[in-house]
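Asks: Can you build the whole structure from these sequences, using the hints too?
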Amino acid sequence: MKKEIPLLITFLTGVIIVVTFFIPHQPFGGMQQRLLIWYSIVLGFTLLLGVDNLLRGNIRRMARRQAGWGYAAVLMAGFVICFVAGVVSLARHNSLIALNGPFMYVYTYMIVPLQATMFALLAFFIASAAYRAFRARTLEATLLLITAAIVMLGRVPVGAELWDKLPQIQDWIMEVPQMAAKRGIFIGIALGTIAMSLRVILGLERTYLS
Amino acid sequence: MTSVIGTWIAAGLTLAIFSFLYRDNPAYKFAEHLYVGVSAAFAVLYTWAFDIWPMLVEPMILGRGVADPVDRWILIVPACFGLLMLARWIPRVAWLSRWAISLTVGIAAGLGITGQIQGILLPQIRGTLLPMNSIDNIILVVGVITTLVYFYFSVEHKGLVKAGARIGVVFIMASFGASFGYTVMARISLLIGRLNFLVTDWLHLFR
Numbered sequence: 001m002k003k004e005i006p007l008l009i010t011f012l013t014g015v016i017i018v019v020t021f022f023i024p025h026q027p028f029g030g031m032q033q034r035l036l037i038w039y040s041i042v043l044g045f046t047l048l049l050g051v052d053n054l055l056r057g058n059i060r061r062m063a064r065r066q067a068g069w070g071y072a073a074v075l076m077a078g079f080v081i082c083f084v085a086g087v088v089s090l091a092r093h094n095s096l097i098a099l100n101g102p103f104m105y106v107y108t109y110m111i112v113p114l115q116a117t118m119f120a121l122l123a124f125f126i127a128s129a130a131y132r133a134f135r136a137r138t139l140e141a142t143l144l145l146i147t148a149a150i151v152m153l154g155r156v157p158v159g160a161e162l163w164d165k166l167p168q169i170q171d172w173i174m175e176v177p178q179m180a181a182k183r184g185i186f187i188g189i190a191l192g193t194i195a196m197s198l199r200v201i202l203g204l205e206r207t208y209l210s
Numbered sequence: 211m212t213s214v215i216g217t218w219i220a221a222g223l224t225l226a227i228f229s230f231l232y233r234d235n236p237a238y239k240f241a242e243h244l245y246v247g248v249s250a251a252f253a254v255l256y257t258w259a260f261d262i263w264p265m266l267v268e269p270m271i272l273g274r275g276v277a278d279p280v281d282r283w284i285l286i287v288p289a290c291f292g293l294l295m296l297a298r299w300i301p302r303v304a305w306l307s308r309w310a311i312s313l314t315v316g317i318a319a320g321l322g323i324t325g326q327i328q329g330i331l332l333p334q335i336r337g338t339l340l341p342m343n344s345i346d347n348i349i350l351v352v353g354v355i356t357t358l359v360y361f362y363f364s365v366e367h368k369g370l371v372k373a374g375a376r377i378g379v380v381f382i383m384a385s386f387g388a389s390f391g392y393t394v395m396a397r398i399s400l401l402i403g404r405l406n407f408l409v410t411d412w413l414h415l416f417r
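As given, the protein sequences belong to chains A and B, one line each in that order.
In this text, residue positions in the first sequence follow the numbering used here: the first is 1, and each later residue adds one.
In this text, residue positions in the second sequence follow the numbering used here: the first is 211, and each later residue adds one.
Incorrect hints may appear among the rest.
Example chain B residues on the side facing chain A (calculated, C-beta under 8 Å, incomplete) [stated by the list, open to error]:
no.	residue
1	ILE271
2	MET295
3	SER312
4	THR324
5	VAL354
6	SER385
7	PHE386
What follows is a list of derived Cβ distance ranges for each label pair [claimed, not checked]:
no.	chain 1	residue 1	chain 2	residue 2	range
8	A	ARG92	B	ASP346	55 to 61 Å
9	A	ARG135	B	TYR362	25 to 31 Å
10	B	TYR362	A	ARG92	18 to 24 Å
What the hints contain is simulated information worked out from the structure, not anything from laboratory work.
Cβ coordinates follow ideal geometry from the N, Cα and C atoms, glycine included.
Replies: Below, the structure is given as structure tokens:
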């Protein structure tokens, strides 16, 4: 009962999605769209579990005055500020993304700079990773070094200043050898996903129930 | 005035994150935890405003945008599955959340088949079926086939398969190198954006 019903639900929903793909007529037509809406709704509820877990853990840290409880308080404050801003935006402007609403203020001056700077920080760590990866000890590492160097230089004005053919070579690398390997990898991923999806639908893969 | 305060907040947070380049420090940890907090609230609000409200509350409870009553009341099904997901909060009935997980897994698996066939597999194969009338086309086809040979582990890599896999590695490494270079440039672009914000919008050094 505890395993059979979930397996049946997975089987039925998986089969319905596949059938509606091949028979886009009533009563199947529109079923895929409907199930996608259901999917979004259920995932919305799932988010509550994650946020509850995050907040509960940090409230516990604060209550027990554990190490770094001050940072837990910062996290909670960030959550409350953004949440209240969102609720006020919805109440006043009937929209979360009203340009003059408090939520967009928090988004523009807190979320965007924090997110962009976090990713910008990776530029420095990628540079140190590149130093380790690009030491030309083998043919593979040399290829990695040459193509990466051409792509990096070919995409900035200084590359064209150094050698006017560099941007064209960069384009060729992206469109031919890079594309070839990427296609091979994509085809492999697609075949793997299809095989795994079939295993899940047929109940051969049950790890998600554990 | 509010935009000036906002710019100072954004500049402070940007510098706090960049301070990690020196070493892990309280300013970075402050910004990091703030980021997690606001991102969690953002996710909740976004899901409410763009998923739950227009897909569930408006059509089912308020009856907006649905002509057919069946379309309205059938939404009780995903609402119930969503509530079942929350059964995890009650240990005695936590197993009921498997029903909701199964629904999402089933839909994802179904889309895994149809989406991959329609969106990835067929377009990629179609793009590879090229006339062998140019060097580029030949390189492209050879590259795709040898890359697939490299990832084919059902037979031992020896003889012709080994030779194919060896050529495949050359393409894969060239591709990884190009992707790496591309990623580095994207990150550098973001870095320039942040530095531009600091010197232009915050310090007004350039106009």
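Asks: All the hints need checking, so say for each whether the structure fits it.
Replies: Going through the hints against the structure:
no.	hint	result
1	ILE271	violated, 13 Å
2	MET295	holds, 5 Å
3	SER312	holds, 4 Å
4	THR324	holds, 4 Å
5	VAL354	holds, 5 Å
6	SER385	holds, 3 Å
7	PHE386	holds, 6 Å
8	ARG92/A to ASP346/B: 55 to 61 Å	holds, 57 Å
9	ARG135/A to TYR362/B: 25 to 31 Å	holds, 30 Å
10	TYR362/B to ARG92/A: 18 to 24 Å	violated, 59 Å
The structure is inconsistent with the numbered hints 1 and 10, although it conforms to all the rest.
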